[in-house]
Amino acid sequence: MLTRGSTLSLPRRVADMTIVNVDAGAPVLSPVTDTLVIAGERLPSRLLLGSGGATSLTSLESAVRASGAALVTVAIRRVSLTAGDSILDVLARCGVRLLPNTAGCYTAREAVLTAKLAREALGTSWIKLEVIADDKTLLPDAVELLDAAERLVDDGFTVLPYTNDDPVLARRLADLGCAAVMPLGSPIGSGLGIRNPHAIEMIRDAVDVPLILDAGIGTASDAALAMELGCDAVLIASAVTRAEDPTAMATAMKHAVIAGRLARTAGRIPVRRLARGSSPAEGVIQA
Amino acid sequence: MTITLNGSRHEIADGTTLDRLVADFSLPDRGVALAMNSEVVPRSVWARTRILADARVDIVTAAQGG
Chain A
1 MLTRGSTLSL PRRVADMTIV NVDAGAPVLS PVTDTLVIAG ERLPSRLLLG
51 SGGATSLTSL ESAVRASGAA LVTVAIRRVS LTAGDSILDV LARCGVRLLP
101 NTAGCYTARE AVLTAKLARE ALGTSWIKLE VIADDKTLLP DAVELLDAAE
151 RLVDDGFTVL PYTNDDPVLA RRLADLGCAA VMPLGSPIGS GLGIRNPHAI
201 EMIRDAVDVP LILDAGIGTA SDAALAMELG CDAVLIASAV TRAEDPTAMA
251 TAMKHAVIAG RLARTAGRIP VRRLARGSSP AEGVIQA
Chain B
1 MTITLNGSRH EIADGTTLDR LVADFSLPDR GVALAMNSEV VPRSVWARTR
51 ILADARVDIV TAAQGG
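Quick mapping for you: the protein sequence lines, in order, are chains A and B.
For the first sequence, counting from 1, position 2 maps to 2 in the numbering used here; every step adds exactly one.
For the second sequence, counting from 1, position 35 maps to 35 in the numbering used here; every step adds exactly one.
Just chain B, with the same shape it has in the complex (with noise of 0.2 Å):
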């Protein structure tokens, strides 16, 4: 399926879970959060929930700003 991740189009396997997912980016522990189609998804809850089908997510960190 596909899915839209920090503005790019990706293939992923069906079921695959967000934890899975951003393994690929090697995130730092701390300073980082991520919402699935507009809604905040706790880290905690990355390894049990599933991306849906077309899925938008955005993984965000601090960056400089005024």
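Okay, chain A solo, but in the shape it has when bound (with noise of 0.2 Å):
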């Protein structure tokens, strides 16, 4: 019979060997080798965070800390002449790395402009890169997307664009020298979860770059469908931001697709239409 304490270590002993164990050609999946890479750079968390939706700043760092998130978008707007605690100040203290944005921009031209006054404010040439069509649906302008991207890379900057969940404008991006492609599950901030896997599955297929899955996220298990269908990350903001507790769903969301990751590269069984028993056939007792 185990003890409470056996009980207790033996899912630590589990979760251990599935993530370290290198014997008998097991895929290797450490924290060391199965690292998030986008430009080059390494980062130590597949899960990025949105800031935005937060209601207090305090709610936002307690969110950050708890997501484990070492990429976290900011927005970029006029200076407002009431001072307060920063953003800036909230996630250097998380020594988290910037992803400004270029949300509310509906034409290339705005979304250039925003990605270089991003650059001078914050010193970094990372962009996640939103082109919109409207404020009703927050749809990607495709036409302008790519206009935007192709200038941007052009311009040295390292472009994470949030893109639609089509496979060929994905390739596109990608071909024109994108750092990664981020497809919406669904439109910002519905919670709708992913509408279109199959597309997801495809645009995977389509680019090697990384793959983010970007807008749509409400719940745990929406991420870490995302991961099991191929994404390299998941990018959340008002799933978290916006829950009744953010900071718990800050922690699930890390969990979340710490489990969609591991199940991707686990190999899981194929589907079958019907049972298929695991306990021995013979042997059976006859009453």
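Errors might be hidden in some of the hints.
Claimed, not checked - One-sided and incomplete, this derived list gives chain B residues near chain A with beta-carbon spacing under 8 Å: (1) Ala-23; (2) Val-32; (3) Ala-33; (4) Ala-35; (5) Pro-42; (6) Ala-53; (7) Ala-55.
What the hints assert, rightly or not - Beyond 10 Å from chain B on every Cβ pair, some chain A residues (computed): (8) Ile-76; (9) Glu-144; (10) Ile-269.
These are computed hints drawn from the structure, not numbers from a lab.
By construction, the Cβ of each residue, glycine as well, lies at the ideal position given by its N, Cα and C atoms.
The task is to assemble the complex, starting from two chains supplied on their own in separate frames and drawing on the hints.
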């Protein structure tokens, strides 16, 4: 009979073996080797966090720390004359890298200027490129997006475009030099999850650059599904910052991304139409 | 002369430089960028950049955003 102590230690041992076991030709999946790399930079977490939607900077800081995210988005906006604790101070305390975005831009011209201001203000050439079509759907405008991506790549930016769940558009973005592609699962802030998993799988097959599911995540199972479909990372904002308990949801998302990644690499069983028992067929008692 | 600063009209003296203009803002040392007429002007040259008549000046920083 297991003691309370051994019961508790068993999952830890199993988890350790799953992560670092290197024998018998098993796929190596350790925090050292299974690291997200974008544009040559290693990131210690496959969860990217958006900072929008938090009710306070205190709430945001707690969620960022709980998420384990190493890359956090910020928007670029006109300075306010009202002084206060800056989001830059908060994120510097958390030790995360900044990913400025071009949220709110409707044209390539606006997005390129915003990216250049972000580079000047924050000292980073990384940009989450968003060029949206309208404020009702917040869907990407593919034509303006491609134009902006090309101009920014040519100007030396590391471009991470928020894009539609369209494999052809994703390939075009990758081909012109984007460092990653970030298709939506469903509209921004909708919490509808991944409405077209097949499209995400096709994008996985279409591009070699990192694939980051961006937008639409509602809860932890959505994040796990994204990883199981072959995404390299997930970017989550509203699902965490607007949850009733953002810190708890950030923790859930952290584990969901890890679980989904492990499941993707573990080699899941094939789906069958009928049952296949796992107990021996021999030696069943007769009564 | 009149300029537009972050969307609001302002009267300033002819020949005012960018560093004089932003002095009223008490801007932080980092995390800020400025564009005049949709061109980024590096902070290092604000002191010797005169503001053009009818210029549109935007000063931005990081804010919460997904």
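Status of each hint after checking the structure:
Annotation: Ala-23 (chain B) was flagged as interfacial toward chain A, and the flag is violated, the nearest CB pair being 13 Å apart, outside 8 Å. Hint status for Val-32 (chain B) relative to chain A: holds, with the closest Cβ pair at about 6 Å, below 8 Å. With a least beta-carbon distance of about 4 Å to chain A, the hint placing Ala-33 (chain B) at the interface is held under the 8 Å criterion. For Ala-35 (chain B), the suggested interface contact is upheld, since its CB lies about 6 Å from the closest CB of chain A, less than 8 Å.
Hint status for Pro-42 (chain B): holds, given a least beta-carbon distance of 6 Å to chain A, under 8 Å. The beta carbon of Ala-53 (chain B) comes no nearer than 21 Å to any beta carbon in chain A, farther than 8 Å, and the hint placing it at the interface is violated. Look at Ala-55 (chain B): its Cβ only gets to about 15 Å from chain A, farther than 8 Å, so that hint breaks. For Ile-76 (chain A), the condition that its CB be more than 10 Å from all CB atoms of chain B is violated, with the nearest at approximately 5 Å.
No beta-carbon of chain B comes within 10 Å of the beta-carbon of Glu-144 (chain A); the shortest separation is about 16 Å. For Ile-269 (chain A), the requirement that its beta carbon stay farther than 10 Å from each beta carbon of chain B is met, with the minimum near 36 Å.
In this structure, the earlier hints numbered 1, 6, 7 and 8 are contradicted, and the remaining ones agree with it.
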